[in-house]
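J.: Here's the letter readout for the chains.
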Amino acid sequence: DSGVTQTPKHLITATGQRVTLRCSPRSGDLSVYWYQQSLDQGLQFLIQYYNGEERAKGNILERFSAQQFPDLHSELNLSSLELGDSALYFCASSVTGGADTEAFFGQGTRLTVV
Amino acid sequence: GENVEQHPSTLSVQEGDSAVIKCTYSDSASNYFPWYKQELGKRPQLIIDIRSNVGEKKDQRIAVTLNKTAKHFSLHITETQPEDSAVYFCAASSGTGFQKLVFGTGTRLLVSP
Chain A
1 DSGVTQTPKH
11 LITATGQRVT
21 LRCSPRSGDL
31 SVYWYQQSLD
41 QGLQFLIQYY
51 NGEERAKGNI
61 LERFSAQQFP
71 DLHSELNLSS
81 LELGDSALYF
91 CASSVTGGAD
101 TEAFFGQGTR
111 LTVV
Chain B
115 GENVEQHPST
125 LSVQEGDSAV
135 IKCTYSDSAS
145 NYFPWYKQEL
155 GKRPQLIIDI
165 RSNVGEKKDQ
175 RIAVTLNKTA
185 KHFSLHITET
195 QPEDSAVYFC
205 AASSGTGFQK
215 LVFGTGTRLL
225 VSP
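Chains A and B, in that order, are what the protein sequence lines are.
Here the working numbering is used: position 79 in the first sequence is 79, and no number is missing along the way.
Here the working numbering is used: position 28 in the second sequence is 142, and no number is missing along the way.
A hint or two may mislead.
Chain B side only, calculated, beta carbon under 7 angstroms to chain A, not exhaustive [said to hold, decoys possible]:
#1 L160
#2 R165
#3 G169
#4 L215
Bear in mind the hints are in silico, worked out from the structure with no lab data behind them.
Heads up, the beta-carbon is just placed ideally off N, CA and C, and yes, glycines get one too.
Here chain A stands alone, though its shape is the one from the complex (with noise of 0.2 angstroms):
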């Protein structure tokens, strides 16, 4: 156990849905990242938050968003979903969010589009 908590762990939802994933970070954390895997993409950076502020970006499409709460968990929002979103989204937590620290992984939510 990573100690990152991730909700839900499976979601099935349809095409032009909006979805809420959640993201607890490992006590002591302040930075989280968000990370989508699927078959065609692989492991794919989003978005990395630090003390509820965004400090980078990946390929994260227009229709995501996310945002870092005071109590340091993290939302991230898929809406307009279309069936290629369908993947295993996976959070990360690390202490300071700096390019050389630990990142650890929770258990992720995947989901399904119909």
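Given the coordinates of chain A, assemble chain B onto it according to the supplied hints.
T.: This is chain B only, laid out in the frame that chain A set:
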């Protein structure tokens, strides 16, 4: 941006043999290189990492080497066991004050008893 290539895509070894997975990166500013192990349907698990000021790091049966000049790094697993079977990902990260891990495409390691 950073690009990480990983080889081989699959690797089959007999129990007790050694396994080597190689990665190359493109961004000379990258300074952190973690390796993750992922079992089917589970989270990527950090198994070892190396920073750019170090050439080699070892942790029991696992070692990682880094050649900054050639921009490549490798994972070495000795005395492989069936429980080492999984997909292994290398990654590279650069930047100051933030981390964008760029992952390789993964190596499926199968250790046969």
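J.: Against this structure, judge whether each hint is valid.
T.: Results for each hint:
1. Because the beta carbon of B/L160 sits about 6 angstroms from the nearest beta carbon in chain A, less than 7 angstroms, this interface hint is met.
2. With its C-beta approaching chain A no nearer than about 5 angstroms, B/R165 sits inside the 7 angstroms limit, and its interface hint holds.
3. Because the beta carbon of B/G169 sits about 16 angstroms from the nearest beta carbon in chain A, more than 7 angstroms, this interface hint is broken.
4. With a cut of 7 angstroms, the hint placing B/L215 at the interface with chain A holds, because the nearest CB-to-CB distance is about 6 angstroms.
This entry does not satisfy hint 3, going by the numbered hints stated previously; all others are met.
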